[in-house]
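Heads up, the sequence shown is in our numbering, so the first residue is 1 and it goes up one at a time.
Worth flagging that the hints you see were computed from the coordinates, not collected in a lab. Hints may be right or wrong, so weigh each one.
Stated by the list, open to error - Heads up, simulated SDA-like pairs for lysine to any residue below, C-alpha to C-alpha not over 25 Å straight-line: (1) Lys182 with Met262; (2) Lys264 with Asp76; (3) Lys182 with Arg63; (4) Lys134 with Arg226; (5) Lys271 with Lys113; (6) Lys210 with Arg192; (7) Lys113 with Arg63; (8) Lys271 with Asp10; (9) Lys210 with Leu173; (10) Lys271 with His149; (11) Lys271 with Gly169; (12) Lys50 with Leu30; (13) Lys243 with Leu256; (14) Lys257 with Ser212; (15) Lys113 with Leu9; (16) Lys50 with Glu286; (17) Lys50 with Met1; (18) Lys50 with Leu173; (19) Lys134 with Lys158; (20) Lys182 with Arg226; (21) Lys182 with Asp227.
Claimed, not checked - Cβ pair distances, simulated, as ranges: (22) Thr85 with His149: 17 to 27 Å; (23) Asp153 with His114: 36 to 46 Å; (24) Glu62 with Leu30: 27 to 37 Å; (25) Gly235 with Thr85: 15 to 25 Å; (26) Arg27 with Glu239: 40 to 50 Å.
We put the CB at the ideal spot given by N, CA and C, even for glycine.
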Amino acid sequence: MNDAVRAVLDAFHTSACSYVKPGAMHRLSLSPMLDHYILAGHAMLPVIEKAYRRGEEVARGERGMPEAGLGSLILDAARMIYAWTGRPAPSLDAATGVLIIAAAAGHTYSSGKHVSLGEVRASAMRLVQASLPKDFADFYEALRVSGEHRAIDILEDKGLRPSRAGVEGLTLLDAFEALGEKHPAYSALSPRTGLFTHTADLIRSRYEEKRSLNDAVVYAYASLIRDGLPADLRGMLEEAGGKGYMSTRDGGRILLKLDREMLKRGISLDKYVPILTMVLAALMLEGLRP
């Protein structure tokens, strides 16, 4: 459990501060989101411990997988972040992701399996698929507590409401898949996409090549945002890649220039950082270190 807590702390810090991530928070940016994002990770640590224990209880047969209570954990985290920081969670998708990874880590370890990224992902997906209508309702309430009104609108537009959860058998998976297009981190929590594994593979392979976790995170981030950029900005990103991203001074200079241009245009891509956070938590449980 201590490893899970440390992994979450390191994941929040590394994913948020890694630089230069054009259009998103990083340690050289002036974004007020940076500190709030990291502090939110600290604020929810008691719930991380609770999630890990839930995973252990499922593995030991003390509760069934559908009774893991992921929804109530997410709601607890949203409330705890608000109580500790005085502000809503800056990214409920990041909180949701690391909670599920922590529960999956507890389940994997107590099942006697090696805590690898593949095993943790498998347990995480099983937990999501096994969730209950109550989990959907609790998650919906967590969105409300976090002020995620646009996410609530997306669910409402698709007819996904707490009042219908029991009748229609709605689960967390239904919510995540409905939100995935606008909030890509939720897509990484669906077993029907390869986003989680793809991002992890990018970070792992780049780290093995360059031996810089900062550069590896930026490399993965660049892959996540590339297709959605306007053509001229995509060209700058590809130029930075040709220069080696953050593994070279020239690559870093181009990324910083791109970041400033995106700031000037009002382009924010903070929504991709939670993917990095949850993937890094799993990789660090596997043994990756800054």
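The hints, checked one at a time:
1. Lys182 with Met262: With a Cα-Cα distance of about 19 Å, the restraint between Lys182 and Met262 holds, given a limit of 25 Å.
2. Lys264 with Asp76: violated, 37 Å
3. Lys182 with Arg63: Not OK: Lys182 and Arg63 at ~34 Å, beyond 25 Å, violated.
4. Lys134 with Arg226: violated, 37 Å
5. Lys271 with Lys113: violated, 32 Å
6. Lys210 with Arg192: violated, 31 Å
7. Lys113 with Arg63: holds, 19 Å
8. Lys271 with Asp10: holds, 19 Å
9. Lys210 with Leu173: Given pair Lys210, Leu173 is violated - Cα atoms ~36 Å apart, limit 25 Å.
10. Lys271 with His149: holds, 15 Å
11. Lys271 with Gly169: Roughly 28 Å between the alpha carbons, so the hint for Lys271 and Gly169 is violated.
12. Lys50 with Leu30: Outside the cut-off at roughly 34 Å; violated.
13. Lys243 with Leu256: This hinted pair holds, its Cα atoms lying about 13 Å apart.
14. Lys257 with Ser212: holds, 21 Å
15. Lys113 with Leu9: Satisfied, since the Cα-Cα distance of roughly 23 Å is no more than 25 Å.
16. Lys50 with Glu286: With a Cα-Cα distance of about 20 Å, the restraint between Lys50 and Glu286 holds, given a limit of 25 Å.
17. Lys50 with Met1: Measuring from Cα to Cα gives roughly 9 Å; hence the hint holds.
18. Lys50 with Leu173: holds, 21 Å
19. Lys134 with Lys158: Roughly 18 Å separates the two Cα atoms, so the pair holds.
20. Lys182 with Arg226: holds, 16 Å
21. Lys182 with Asp227: Answer holds: Lys182 to Asp227 is near 15 Å, not above 25 Å.
22. Thr85 with His149: 17 to 27 Å: Given a distance of about 19 Å, which is inside 17 to 27 Å, the answer is holds.
23. Asp153 with His114: 36 to 46 Å: holds, 42 Å
24. Glu62 with Leu30: 27 to 37 Å: The hinted range 27 to 37 Å is violated for Glu62 and Leu30, with Cβ atoms some 48 Å apart.
25. Gly235 with Thr85: 15 to 25 Å: violated, 39 Å
26. Arg27 with Glu239: 40 to 50 Å: violated, 22 Å
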